[in-house]
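Chain residues, written in single-letter form:
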Amino acid sequence: MDFLIERLPVYLDGAWVTVQLTVGGIALAFVLAMFFGVLGTRPGWFPRAVATTYVEVFRGVSALVLMFWMAYALPLITGYQLDGRFAAIVAVGLNVGAYGAEVVRGAINAVPKAQFEATVALDMTWFQRMRLVVLPQAWAQMLPTFGNLSIELMKATAVSYLIGVADITAIAERMRQATGETVLAFSGALILYFLIAQVLIFGVRLLERRANHRLGRTPPGGKGILGLLRPPALTTSGGAK
Amino acid sequence: MFWDFEWTFQILPDLMRGLAVTVQATLLGYLIALVLGLAIAMVRRVPVVGTAVHAVMEFVRTTPLLVQLVFVFALAPSTVSALTVGIAVLGVHYSAYTAEVYRSGIEGVARGQWEAARALSLPASRTWGAVVLPQAIRKVIPALGNYLIAMFKDTPLLLAITVVELLAMARQVGSADFRVVEAFTVVGFLFLLVSIPSAIIIRRLERRYAAV
Amino acid sequence: MPPSDASALINFDQVVKRFGDLTVLDHLDFSVAPGERVTLIGPSGSGKTTILRLLMTLEKVTEGLIEVDGEPFSHMPRGGRMVPANEAYLRPRRKRIGMVFQQFNLFPNMTVRKNLTEAPVHVLGLSRGEANARAEELLDLVGLSDKVDAHPTQLSGGQQQRVAIARALAMRPEILLLDEVTSALDPELVAGVLDVLRTVAETTDITMLCVTHEMGFARDVSHRVLMFDKGRIAEEGTPDEIFGDPREDRTKEFLRSVLDNGH
Numbered sequence: 001m002d003f004l005i006e007r008l009p010v011y012l013d014g015a016w017v018t019v020q021l022t023v024g025g026i027a028l029a030f031v032l033a034m035f036f037g038v039l040g041t042r043p044g045w046f047p048r049a050v051a052t053t054y055v056e057v058f059r060g061v062s063a064l065v066l067m068f069w070m071a072y073a074l075p076l077i078t079g080y081q082l083d084g085r086f087a088a089i090v091a092v093g094l095n096v097g098a099y100g101a102e103v104v105r106g107a108i109n110a111v112p113k114a115q116f117e118a119t120v121a122l123d124m125t126w127f128q129r130m131r132l133v134v135l136p137q138a139w140a141q142m143l144p145t146f147g148n149l150s151i152e153l154m155k156a157t158a159v160s161y162l163i164g165v166a167d168i169t170a171i172a173e174r175m176r177q178a179t180g181e182t183v184l185a186f187s188g189a190l191i192l193y194f195l196i197a198q199v200l201i202f203g204v205r206l207l208e209r210r211a212n213h214r215l216g217r218t219p220p221g222g223k224g225i226l227g228l229l230r231p232p233a234l235t236t237s238g239g240a241k
Numbered sequence: 001m002f003w004d005f006e007w008t009f010q011i012l013p014d015l016m017r018g019l020a021v022t023v024q025a026t027l028l029g030y031l032i033a034l035v036l037g038l039a040i041a042m043v044r045r046v047p048v049v050g051t052a053v054h055a056v057m058e059f060v061r062t063t064p065l066l067v068q069l070v071f072v073f074a075l076a077p078s079t080v081s082a083l084t085v086g087i088a089v090l091g092v093h094y095s096a097y098t099a100e101v102y103r104s105g106i107e108g109v110a111r112g113q114w115e116a117a118r119a120l121s122l123p124a125s126r127t128w129g130a131v132v133l134p135q136a137i138r139k140v141i142p143a144l145g146n147y148l149i150a151m152f153k154d155t156p157l158l159l160a161i162t163v164v165e166l167l168a169m170a171r172q173v174g175s176a177d178f179r180v181v182e183a184f185t186v187v188g189f190l191f192l193l194v195s196i197p198s199a200i201i202i203r204r205l206e207r208r209y210a211a212v
Numbered sequence: 001m002p003p004s005d006a007s008a009l010i011n012f013d014q015v016v017k018r019f020g021d022l023t024v025l026d027h028l029d030f031s032v033a034p035g036e037r038v039t040l041i042g043p044s045g046s047g048k049t050t051i052l053r054l055l056m057t058l059e060k061v062t063e064g065l066i067e068v069d070g071e072p073f074s075h076m077p078r079g080g081r082m083v084p085a086n087e088a089y090l091r092p093r094r095k096r097i098g099m100v101f102q103q104f105n106l107f108p109n110m111t112v113r114k115n116l117t118e119a120p121v122h123v124l125g126l127s128r129g130e131a132n133a134r135a136e137e138l139l140d141l142v143g144l145s146d147k148v149d150a151h152p153t154q155l156s157g158g159q160q161q162r163v164a165i166a167r168a169l170a171m172r173p174e175i176l177l178l179d180e181v182t183s184a185l186d187p188e189l190v191a192g193v194l195d196v197l198r199t200v201a202e203t204t205d206i207t208m209l210c211v212t213h214e215m216g217f218a219r220d221v222s223h224r225v226l227m228f229d230k231g232r233i234a235e236e237g238t239p240d241e242i243f244g245d246p247r248e249d250r251t252k253e254f255l256r257s258v259l260d261n262g263h
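Protein chains in written order, with this note's numbering: chain U, 1 to 241; chain D, 1 to 212; chain Z, 1 to 263.
The set of hints was computed from the structure by calculation and includes no laboratory data. Cβ atoms here follow ideal geometry from the backbone N, Cα and C, with glycine treated the same way. Where hints are given, some of them may not hold.
[As the list claims (entries may be wrong)] Residues from chain D shown here face chain Z by an in silico Cβ test under 10 Å; the list is partial:
{"id": "1", "residue": "Gly108"}
{"id": "2", "residue": "Ala110"}
{"id": "3", "residue": "Arg111"}
{"id": "4", "residue": "Gln113"}
{"id": "5", "residue": "Trp114"}
{"id": "6", "residue": "Glu115"}
{"id": "7", "residue": "Ala119"}
{"id": "8", "residue": "Leu120"}
{"id": "9", "residue": "Leu122"}
{"id": "10", "residue": "Pro123"}
{"id": "11", "residue": "Ser125"}
{"id": "12", "residue": "Val131"}
{"id": "13", "residue": "Gln135"}
One chain only, chain U, in its complex shape (with noise of 0.2 Å):
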């Protein structure tokens, strides 16, 4: 124990560096899913095909393999080599993005058409309709997953430290290396990342709550604080890893 004690400061430096990472690649993950979730609902085949293209690319390819990309090959091509935590950001945040913007996509068609017609029958612009009526429903329905999202996504993070990014996995690396405390040294990083994602678990719920509070819904798991503290179902539809 007062191994992980003593060197607490350097874990706390390296969680700090995973939590900046998690918090872009989120950040970066909800824009794009949004942009190309919505663009995906358009009418008209050229905006399906550009948000299709955008998906399955960023789906089908790892974020470790555009994490090596990015970090050795981009900077040949531009002659600029990029920060390794900027390129993390990029990298997960792209790599997420297509899976969020595939759960934008279906909980926007799920929402009733009776709800688009009432638009049209209001002489809505299509922004207002977004805005006003389609995404305040279907945001409740994305945020369960979005849940499991963000942790596959802070779980991502991990792998920048193979491209020289000084997260909590380096640093367990590094210690590992100077003490030959192996145990020591990887418990301290899986339970600092086991923190983390709970951290991110407790805020989708609190989201969650909001959400269908504004929709006059009972949230999962029953009203009161306790109730967020009651586990969820895992989502295992919705195409999310």
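With chain U fixed as given, assemble chains D and Z onto it according to the hints.
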């Protein structure tokens, strides 16, 4: 000109050998995930033990595969090959996901099916083997298929524990000749070449089994 | 009939069943003689179905004891006292009881033949040939010989229920429990299922416990009718007594409501 086609064709055989390792690791790891995940899903119905198993699998599911790989590889005796460690860790990690898939399938089997099995005094082996699982698994085949693709895309992580799979092979041949652009780009395309057709097959499966 | 009649096949002794705060059966005493056909009637929620589910061990009793053939069934003796029966104790005893469900509960992943032979082969230890012969004989009885290789989803509700009856009979049960077997059927399919059950009643000496709203059927086949209300027996008697000259107001009211609903 940063792209050398002649060189690209030269490295293709090497990359294919790397791809073969990737596919091998994926399939064997998936086999573990399919069997272990099912066992976990069934054990989860047992009180106390089930809760404990669930807690362990949640930990496995919410921590990075890469760290688990490096961790287990560091602890494994040197007689065990890196590829074996990689396949085992990959399989166990993904069994956390497949267990959830199986669980949703098992819970989707109507209560009346369990009751009918009991009314006929069927032994547990037949209740599970002949009644519940055939119905449960049929419904979750597409979801299980998704994890095969996900797993395929995660196998490059095995390079962290010295397994020379596709990406590691590309890094090797690419850095030897200072031509990483071609090497890594071809790797990207090879991944698409496998994962896009598989995604199409899964969608077909979804359509076929969704009607049940 | 006194509750502790030594000749009784089924005996409920002060049986209580609660779901949380809700008492479904309230210190119930009754017994059924071998070969007797008893119909349980009463408003929904009066505990009729629970009696069948307790006998099929789909539920556990909260208090009291159920005996089958003079032996403890819901409980077993251990160390000089009665403890809830475990699987090993129930297995040989439960085989003597069969059940037909409201929702049929056929196994959709098996053909009709497999549905009928699965338990005889794996529980009774019959050979495939014996089980097949028995299945074909029973399908003939329920008038579905041509459906032996069909899947349940290809059959109408009435056909599915007739297969379910054949499946229960394939185990050669001494006791057959019928839980609202026609309630989920379209009206025009009810008669076919009831005809099959009439034949079973006429040609065998199987003890039958039947929960139904089909009063005509109850009158034809049962030896005794029990009227349930709020977890207790409100009135019992022969079909003629209960349907022809009910004494209790609750029974009269119930019979009137059933007849008004077009049954």
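Query raised in the report: Under the criterion of a CB-CB separation shorter than 10 Å, is Val131(D) in contact with chain Z as hinted?
Result: holds, 5 Å
Report task. Would you check whether Ser125(D) satisfies its interface hint, that is, whether its CB is within less than 10 Å of any CB in chain Z? Result -> This hint holds: Ser125(D) lies near chain Z, its Cβ roughly 8 Å from the closest one there, short of 10 Å.
Report task. Answer holds if the nearest beta-carbon of chain Z is closer than 10 Å to that of Gly108(D); otherwise answer violated. Result -> violated, 12 Å
Query raised in the report: Are Ala110(D) and chain Z close enough, Cβ to Cβ, to be under 10 Å, as the hint says?
Result: Because about 8 Å separates Ala110(D) from the closest Cβ in chain Z, which is inside the 10 Å limit, the hint holds.
Report task. Report holds or violated for the interface hint on Ala119(D), using the least CB-CB distance to chain Z and a cut-off of 10 Å. Result -> holds, 4 Å
**Report entry** Hint validity - Pro123(D) Cβ closer than 10 Å to any chain Z Cβ
**Finding:** holds, 7 Å
Query raised in the report: Should the hint that Leu122(D) touches chain Z count as held when the rule is a Cβ pair under 10 Å?
Result: With a minimum Cβ separation of about 6 Å from chain Z (threshold 10 Å), the hint on Leu122(D) holds.
**Report entry** Agreement of hint Arg111(D) with chain Z interface, Cβ distance less than 10 Å
**Finding:** holds, 9 Å
Query raised in the report: For the hint on Gln113(D), does the least C-beta distance to chain Z fall short of 10 Å?
Result: holds, 6 Å
Report task. Return the status of the interface hint for Glu115(D): holds when the least beta-carbon distance to chain Z is below 10 Å, violated otherwise. Result -> With Cβ-Cβ at 5 Å, under 10 Å, it holds.
Query - Agreement of hint Leu120(D) with chain Z interface, Cβ distance less than 10 Å - result: For Leu120(D), the interface hint holds, since the closest Cβ of chain Z sits about 4 Å away, which is under 10 Å.
Requested in this report: With a cut-off of 10 Å on the beta carbons, see whether Trp114(D) makes it to chain Z.
Outcome: Where the cut-off is 10 Å and the nearest Cβ of chain Z is about 9 Å from Trp114(D), the hint holds.
Checked against the numbered hints above, the structure violates only hint 1.
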